[in-house]
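Based on the sequences and whatever the hints tell you, model everything.
Here is what each chain is made of, one letter per residue.
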Amino acid sequence: MHGLAAHWSGPDMSFNIVDFLFSLVQLTTFDYLRAVWEGDMSPGLIEAILDVIAILTVSTFLLLIVLFLIWLERKVIARIQDRIGPNRVGGRFGLLQTVADVLKLLTKETLTPAGADTIAYNLAPLLTVMTALLMWAVIPFAPNVIGVDLNVGLFYVLAVSSASVVTLLLAGWGSNNKYALLGAFRSVAQLVSYEVPMVLSLIIPILLARSMYMQELVLAQTVPFLIVAPLSAIIFFISALAETGRTPFDLLEAESEIVAGFHVEYGGMKFGMFFLAEFVSTLFMSGLFATIYLGGWRLFGLERLETFGPLLGLIVFFIKMFAVYFVFIWVRGTLPRVRIDQMLDLNWKFLVPLSLILVLVVAVVDKLIPAGAGDYYRAGVHLVSNVAVGFVALELLRRHAARQRAIYEERLVRAHSSAAEPEVMAEAAH
Amino acid sequence: MIPLSWYLIVSAALFCIGLFGVFARRNAVAILMAIELMLNAVNINLLAFWRYRTPTEPIGLAWSIFVLALAAAEAAVGLALVISIYRERDTVIAEELDTLKY
Amino acid sequence: MIQQIIFIVISFLTLLMGWIVVTNRNLFHAALALMGSFLGVAGLYVLLDAGFLAAAQLLVYIGAISILIIFAIMMTRRLMQTSETPFNNQWVLGGITSLVVFAVIAYVVLQVFPWQPGAQPFGAAPEVPGAVLEASVTQLGAALVSVDQYVLPFEVASVLLLAALIGAIVVAWPEKKE
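Protein chains in written order, with our numbering: chain P, 5 to 434; chain E, 617 to 718; chain S, -3 to 174.
There's no promise every hint is true.
[As the list claims (entries may be wrong)] Pair ranges (Cβ atoms, derived): (1) S:Ala102 x P:Ile59: 48 to 58 Å; (2) S:Ser154 x P:His420: 46 to 56 Å; (3) P:Gly271 x S:Ser142: 35 to 45 Å; (4) P:Asp349 x S:Ala159: 22 to 32 Å; (5) P:Lys182 x S:Ala159: 34 to 44 Å; (6) S:Ile1 x P:Leu99: 40 to 50 Å; (7) P:Gly305 x S:Pro122: 36 to 46 Å.
[Said to hold, decoys possible] Simulated coverage check for chain P against chain S, where a stretch passes if three residues somewhere in it have a Cβ under 8 Å from a Cβ of chain S: (8) 120 to 126; (9) 168 to 182.
Rather than coming from a laboratory, the hints here were simulated on the basis of the structure. Just so it is clear, CB atoms sit at the ideal spot from N, CA and C, and this is done for glycine as well.
Right, here's the structure in full:
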């Protein structure tokens, strides 16, 4: 893409540590290794080895960064709640706290409850981690670093994330526990319903970029899609919160109210794997948001620099991803948990109609803009139409809320005036 | 280097497994699952012929998308019927649902 | 060669899972095997260079239909633990019929298309540039809404889905008991 690959093609190259380190900085190590091994091995074997290296690197990195993410989350939440957070293990900042936690989980006995469906029970944690890792295959980390640039990139993400729903049912059913099963049912209901606004909001970036290739989605963002289509970004963010089961949508495993949801029967590292998958997929949602709404590795053409461009792109991508991740934590520290009826109402009565209308509006507006228009002109028109749709939606929501409040207050007044009638009280409390 | 006939044989085998399921299972949900298998076999056929005959035209792709939509509709209505029957008759065994015979 | 091995492994697993679906006594395990079978079919789609259909298979069959089936199984749960045979009394006849159908199809297929890899015609997938295959998704998108091609079936499919949606809700709606 940037002519960097040509740098490493030469006859009879031998391994050289300086060149190797330089290729690491350039993020062209694979091209370098390909050039070095050329002739020694068959091309198929080289590609197979490189694929294994790539998969191992990404998955090891993800599994290790979860340690950091958990620490970060606890620390930030503690700060928001005016506490200190972990501060004993590993120095003043408790850096090794999660390492200790993981060691504890690893040394626990892995037990299977009596009467459990052994296949389903043991398969579920594995599949959860697998689907969480699989989605990273299409994330573009840098201009020249991506697992596979599929022609159905974004669609692939949706497909894999929808397949992850299965693991919840496996876990819930396999545990032979009715609370686990009920929890699984509720989780599946939540995930399946929030998939709808998620898919619909992701159609808009595809529409604007006219492509499902992840790299082309990044390249299309001369103006980041967060500015072109802010409403779609907000809908995606809300559904991503629900899809990963984080506060305010964590009512299914609400730690402070009920024990847990579908994974109530899991202990030791099997539980740890569910935990791990949750963090990996939250980080993935941040990465996806950064890729399709914040411009991925792009930042004012910084990535086009000759030598350090790709590395800077990688750093920019990571900064954006962690910024989004921080917002996830922030939301968790700020918002209270919703009730299940509120959660379903928000989805089916607000987000789904809104995103359907938004898809229509964006498609029509995009068609109306003359073909030769510049990127900024296009972005401006889309921004205005998005804000208009958002304003109307919020106004309707406000009126609905006012009506609901009036009904509620009327009930409350009635309840106060005739306090002798307990059933009216109960109704008002509901 | 996979011959077209291999795909067709696999698809035929899957179709016949599904057919056997439809003939032999007693539970209505199991029969629906077998029908899904048969629809999948049809899709393999469509895509194999698309790849070997007209890879430059999206004919097979389009029709397999329609099969997919049809399968989704069929599953939704079929399972709704099963649940409704279960509520009414307390059974989903196909042989016991024989009121129309008499 | 590697492709052939992958093909054989995937299709063997698909057929094995399919067999489990129709013979397993435990309906939940049958549904799990059904998912495995769907996954195998998605693998075959990838081998056929139909990545879009493979993703759609994952999204629709595994993400939606299988979940629906498992929900239905669990809602009719009492029948799951019956230890009686999963087959009715015509299963021998059904098995013979299926075998005959398979034999006929296989015979016809092998009469028309060669069995050996590489034989002409249809012994191997025709060579098509990768760019053309990758563009098939774009082509498909255009074809589905083009007036000359598939817009009518597309709209009919949408109406069908809407009808199924409403129908399923109406049929499964619990009757009010006074």
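How the hints compare with the structure:
{"no.": "1", "hint": "S:Ala102 x P:Ile59: 48 to 58 Å", "verdict": "violated, 39 Å"}
{"no.": "2", "hint": "S:Ser154 x P:His420: 46 to 56 Å", "verdict": "holds, 52 Å"}
{"no.": "3", "hint": "P:Gly271 x S:Ser142: 35 to 45 Å", "verdict": "violated, 56 Å"}
{"no.": "4", "hint": "P:Asp349 x S:Ala159: 22 to 32 Å", "verdict": "holds, 26 Å"}
{"no.": "5", "hint": "P:Lys182 x S:Ala159: 34 to 44 Å", "verdict": "holds, 36 Å"}
{"no.": "6", "hint": "S:Ile1 x P:Leu99: 40 to 50 Å", "verdict": "holds, 47 Å"}
{"no.": "7", "hint": "P:Gly305 x S:Pro122: 36 to 46 Å", "verdict": "holds, 43 Å"}
{"no.": "8", "hint": "120 to 126", "verdict": "holds (count 3)"}
{"no.": "9", "hint": "168 to 182", "verdict": "holds (count 5)"}
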